[in-house]
Amino acid sequence: MSVTADLSVHRRHTRRGWGSTALGIVILIVLLFPVYWMINVSLQPSGSAVGTPWLPIHLSFRGYSTALSQQSRNLATSLVVALGAVVFSLLIATPAAYALAQFKVRFASVFLFAILISQMIPGIVIANALYAAYNDVGLLNSIPGLILADSTAGIPFAILIIRAFMTSIPQSVVEAGRVDGAGHVRAFVSIVLPMSRNALITAALFTFLFAWADFLFALTLTTTENVRPVTLGLYTYIGTYINDWSSVMATAVLASIPAIVLLVVAQKFVAAGTTSGAVK
Amino acid sequence: MAEYHSLSDTASSGPAPRGTGTVHPAAGPEAPSADENLPRLRPWESHRARERLAQLMFLLPATVYMVAFFGYPIVKNFVMAFQKYTTSTFYTGEAPWIGLGNYRAVVTSSVFSKALVNTVLFTVGSIAGQFVIGLALAVFFRRRFPLNGVLRSLLLLPWLIPLIVSGAVWRWILDKDNGALNRFLAAIHVTTEHPGWLTSTSLALISVIMVNIWIGIPFNLTILYGGLQEIPEDLYEAAALDGASGWQRFRYVTWPMLRPVVSVVLVLGVVYTIKVLDVILGLTNGGPANASQTIATQSYHLSFVQFDFGQGAALGNILIAISLLFAVIYLRANRRAVDE
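If you're matching them up, the sequences are chains A and B in order.
Read in order, the letters of the first sequence are residues 1 to 280 in this note's numbering.
Read in order, the letters of the second sequence are residues 1 to 340 in this note's numbering.
Quick caveat, the hints were computed from the structure, so don't treat them as lab data.
Honestly, I wouldn't trust all of these hints.
Unchecked claim - Covered by chain B, according to a simulated footprint, are these stretches of chain A (three or more residues, beta-carbon under 8 Å):
| no. | stretch |
| --- | --- |
| 1 | 164-177 |
| 2 | 189-198 |
Said to hold, decoys possible - Computed, partial: chain A to chain B, Cβ under 8 Å:
| no. | residue |
| --- | --- |
| 3 | 30 |
| 4 | 31 |
| 5 | 38 |
| 6 | 60 |
| 7 | 99 |
| 8 | 107 |
| 9 | 124 |
| 10 | 132 |
| 11 | 157 |
| 12 | 235 |
No residue lacks a Cβ here, since even glycine has one placed at the ideal position from N, Cα and C.
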């Protein structure tokens with residue numbers, strides 16, 4: 001958005017402007033060097049530790065073929081868990097966000113306080129207790145178990161961001177729908193949800209990213225190779241002596257794809273979600 | 001709550017539970033009959049009660065989830081900390097009560113003081129670095145220049161990629177013999193000694209903090225930049241008319257106006273940093289010789305490496321207590337600042 005704004009800036013400012021752009025690019029190069037290095041190493045033909053060239057002159061996808069042959073199952077597990085966490089989190093969070101935004105429930109302030117407190121609870125405390133509980137009910141090493149646990153990051157976040165948007169929906173709009181004979185559920189489904197589309201997409205994207213990036217629950221709530229998200233696959237790589245960094249970095253790149261896609265494709269939804277929440 | 005009781009009383013006198021009927025009034029034939037079966041209630045009372053129940057139904061799933069996945073773990077950890085867990089506990093189910101034994105063992109352990117100091121250094125160091133660099137970048141990006149928006153969104157990348165990925169990448173960059181950092185330092189003749197960033201007991205914690213700063217910069221930049229955008233432009237114009245220098249504008253306009261956002265960033269920063277686990281496990285696993293062990297990572301090691309879940313729970317509870325203590329101190333200090 002600021003790119004278009006820049007076009008209208010006075011020409012005499014532009015020269016100084018490009019100086020700032022140059023400085024900005026230098027900052028970007030310094031801060032994103034690790035990301036560049038990850039991609040560079042992943043494309044090197046030899047994974048051996050000695051002296052990785054600074055540029056990927058001899059392009060090779062050997063690292064990726066090794067990574068895919070060893071990690072494709074884990075990538076699929078991550079994808080299923082992350083998608084499951086998105087569906088589950090939105091199913092739980094959206095009605096709650098609506099209630100907190102539109103109803104005058106005394107319970108609401110207690111609930112919001114509980115969400116804030118929940119952010120202070122260390123993941124290791126949750127993992128500690130869930131391991132014991134999952135062991136009893138047989139949810140260890142299971143996809144549903146990971147979906148439920150990973151939603152601990154997504155649900156509070158989704159409630160907050162969707163609620164922030166839904167408070168901007170005028171109550172009169174919802175009530176007008178209800179006067180026409182729609183019950184709460186119909187008004188919610190046919191009026192509120194379509195209006196909240198961008199907030200829902202934003203919440204879904206971040207919930208996906210949280211679950212995809214989860215490492216702690218993967219580490220503690222799975223013990224076998226049957227259900228192993230790619231984050232844990234990467235960790236088991238670096239837990240041993242590494243003589244093939246190309247494959248490790250290729251796995252790291254594959255595990256970063258959702259973040260990169262989000263940044264490139266979904267930028268406008270992220271912007272839409274945050275601005276619509278802040279505007280009023 | 002009173003309305004809820006009046007509803008359940010009348011519902012139990014009726015032939016069928018109607019709880020769901022109130023949520024889907026148009027869904028089934030029992031909805032209108034519900035009104036006929038509620039003669040003892042005046043119409044608006046039953047309406048209000050049903051309204052309340054419908055509203056609570058929207059909150060019910062989330063409430064159940066929050067209780068099960070945040071409330072239960074707190075209670076469970078509290079209880080577990082009084083029990084003796086061993087490797088066989090999860091087969092035999094035997095976890096005898098040992099009172100405060102776990103707390104005593106954890107606190108008197110030689111690792112505890114080290115982990116406590118490391119936790120403080122890690123949290124304070126990470127937040128100071130993230131905040132200063134994030135604020136400097138936020139002020140920089142307030143300038144108008146071409147590609148500003150593109151550059152700013154690309155800077156989000158370190159924040160969006162999984163922490164364990166960052167850990168793996170930095171582990172290779174910081175490698176003692178062939179890491180990019182040591183090769184770079186040798187190339188520009190700073191040092192040819194190849195410091196062991198992750199393998200030396202004196203450097204490991206500093207390296208872990210550096211990497212965590214790198215991860216946290218985008219978050220600080222984004223929130224602080226948003227805060228800066230809220231400051232009205234005419235304040236700066238007025239300051240410029242008064243001949244304020246760049247530093248004076250920052251000191252007397254930007255900083256006071258930004259303070260509320262600053263406190264949000266710092267509190268969230270502390271709460272999130274104090275429980276960081278992925279980064280440390282990925283980079284050093286708490287080592288070498290506990291040089292980068294924090295309370296969170298030590299709690300993990302006790303529970304999931306040594307299978308002493310009782311001690312792990314006790315340490316986890318101590319971590320929650322520290323977090324709460326900080327929040328209370330902060331809230332009180334903040335209230336005092338508002339009062340003055």
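Do the hints match the structure? See the list:
{"no.": "1", "hint": "164-177", "result": "violated (count 0)"}
{"no.": "2", "hint": "189-198", "result": "violated (count 0)"}
{"no.": "3", "hint": "30", "result": "violated, 10 Å"}
{"no.": "4", "hint": "31", "result": "holds, 6 Å"}
{"no.": "5", "hint": "38", "result": "holds, 5 Å"}
{"no.": "6", "hint": "60", "result": "violated, 17 Å"}
{"no.": "7", "hint": "99", "result": "holds, 4 Å"}
{"no.": "8", "hint": "107", "result": "holds, 7 Å"}
{"no.": "9", "hint": "124", "result": "holds, 5 Å"}
{"no.": "10", "hint": "132", "result": "holds, 7 Å"}
{"no.": "11", "hint": "157", "result": "violated, 12 Å"}
{"no.": "12", "hint": "235", "result": "holds, 6 Å"}
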